Amino acid sequence: MSEPTSPQPTEAAEPADARASWLAAYQTSKLRDVPFETMSGVPLEPVHGDPPYPGQYPFTRGLHAAGYRSRLWTMRMFAGFGTAQDTNARFKELLRAGGTGLSTAFDMPTLMGRDSDSPWSLGEVGRAGVAVDTLADMEDLFAGIDLSGVSTSMTINGPAATLLAMYVVVGENSGVARADLAGTIQNDILKEYQAQKEYIYPPRPSMRIITDMVRFTTAEMPKWHPISISGYHIREAGSTAAQELAFTLANGFAYVEAAIAAGQDVDGFGRRLSFFFNSHVDFFEEIGKFRAARRIWARWMKERYGATDERAMMCRFHTQTAGVSLTAQQPEINIARVALQALAAALGGTQSLHTDSFDEALALPSEKAARIALRTQQIVAHETGVTNVVDPLGGAPYIEWMTDEMERRAEAVFDHLDRLGNGSILEGVYAGIDNGYFVGEIADSAYRFEREVNSGRRIVVGVNDFTDGAEDSGTTLLRIDQSTEDLQRKRLADVKRSRDSVAVDAALARVTDDATDPSINLMPAIIDAVRAYATEEEIADAMRVVFGTHVEKAIV
Amino acid sequence: MSDRHIRVVLAKLGLDGHDRGIKVVARILRDAGMEVIYLGLRQTTDSIVAAAEQEDADVIGLSMHNAGHLTLGPAMLAALREAELDVPVVIGGIVPDADIDELLASGVAAVLGPGAPADEVVTTVRRVVQGE
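Here the protein sequences come in this chain order: A and B. Mapping of the first sequence onto the numbering used here: residues 4 to 559, in sequence order. Mapping of the second sequence onto the numbering used here: residues 165 to 296, in sequence order.
Simulated from the structure, these hints should not be mistaken for laboratory data. None of these values were measured; they are calculated from a predicted model. Watch out, some of these pointers could steer you wrong.
What the hints assert, rightly or not - Partial selection, computed: residues in chain A whose CB lies under 8 Å from chain B: (1) Q332; (2) L480; (3) A557.
From the three backbone atoms N, C-alpha and C, an ideal C-beta is built for every residue, glycine too.
Isolated chain A (complex conformation):
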């Protein structure tokens, strides 16, 4: 059962050849040293079903011939709260507990390019993530962690260039060259205008900064992924699965078109792009979405953008379970939701996974809740056996139909954006941001869902049915109080007092100068400003004077 709704025919190899080349790839894969058999001792084939097999274009069935037999997904738990020292302690706890990558949540002022002492930051410092104002905070955040031995993900977009620069300097100061730093920075500004709303500058100058970062990391940071094209926030904001798929991949096409327009080689940067999807509660729809994402991305990269290197056609993705699906009512039952969502992500072939903590509808995760969440995905990985067979559902009529249906719905959106942009997805996405297309579609879907829940047509367990047992569970929540804000402001004042203000001013002036000249890459000037302990907001302001700011029209 291969690609029935392909818009362009796939030059699938003859089945026998496909099997032989899959087997050759499988046999050269380094496998984990575990028994690939059922609990009862029944030996298992690595793959079932029809070609194209896992590791074969268009990668519907997975990116690698041996799937999780060779390497499990990275268990990457998103964490960040309070001061840098608070989050540093949580990072070390997660690594001790068997986490295999770091993922940083920043607080809202940091995400918006505001310092902790800005009037805008009142009440939000350290509350929903860690507060980072200067290089000093970033040094504390990663203190005692060998940056050559972990991969780090940073969820930041508007001021992403400044945070990447800080990470580079922290690495250098601890003896790790930028070329050896591994990780991902989210840096997906397009979905900010559509869903998450953490933007600073208007779309076009933002795109210039991103293009500079792609160029910089391609040249100097071979282990770094400069963009994680994210559907997660689109879904959390209320979209359907198909809209999440379509808007995310359309944004991906937009970045590709921008990089090509800037003269970059599609194979060179295409290998470095990665994605980030949501795993929600509708089990089979999610699995179909993940499989469709790989197939669509591969086809478009090859057929529309001319990639020839298969690595540039591979949709690598991180997944997070759906925070929005978690209920404040009977919060412990969220553990079951997260387990099912994690299972869908595994069956969909994710490369890395964050499992949400059961208390997240109420507060940031407590340490215990975060550990249970990590244990949940460890159970999926090590106990359920779903990692023994690659794409275990592939070939099932319902799964293949769902994969095709997700693809068909996404292609309809691409057609719309392509028309809107007169043959350019990038221009179509800009237009869709400008005319409220994305926010309107997402708000409509969110409202439709709420109406279904309110009418009782859709049951959310513990919320509109099965509400017995909602007595106080005694869950201990993580509390961040006002003292964090006071402490962080004092730290910032100390840094400002002790730095060389002449050097800071000169470095900021250069950021502004370089911003006015699109032929200059902004990264070196930003790195120098960071090194001089310029604050995040100062650096943002140095560019704001050139680029302006984005203000969203309030549309209901």
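Dock chain B against the given chain A, drawing on the hints supplied.
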């Protein structure tokens, strides 16, 4: 008082960009016949006071998802007192149960938590406006 006359100013105060909930609430109140003025993201206490004055608001609704409610709720009330504007404030969003009493004691008229059904949203706004 009939719903036709209830004028609701909704806003996101501060940097928090989570706007799924407030947009749904805007439509719920509009569907219930109220007049909804949604100010959008990144509002300040001053901009909300100005809008409430200008729009002759019967009630102000704030949505908070970043745990800033214990700081920003009282800040909003202080700004209204400063402007001598007697408009009730309802806060919705991610507010832990343990914080509700403190918010009510500080003068917030009502708190709507995650998963509050549409009819509870509507009746709460009506109740608050009628000063019950």
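Hint-by-hint comparison with the structure:
{"no.": "1", "hint": "Q332", "verdict": "holds (6 Å)"}
{"no.": "2", "hint": "L480", "verdict": "holds (6 Å)"}
{"no.": "3", "hint": "A557", "verdict": "holds (3 Å)"}
Checked against the numbered hints listed earlier, the structure breaks none of them; every hint is satisfied.
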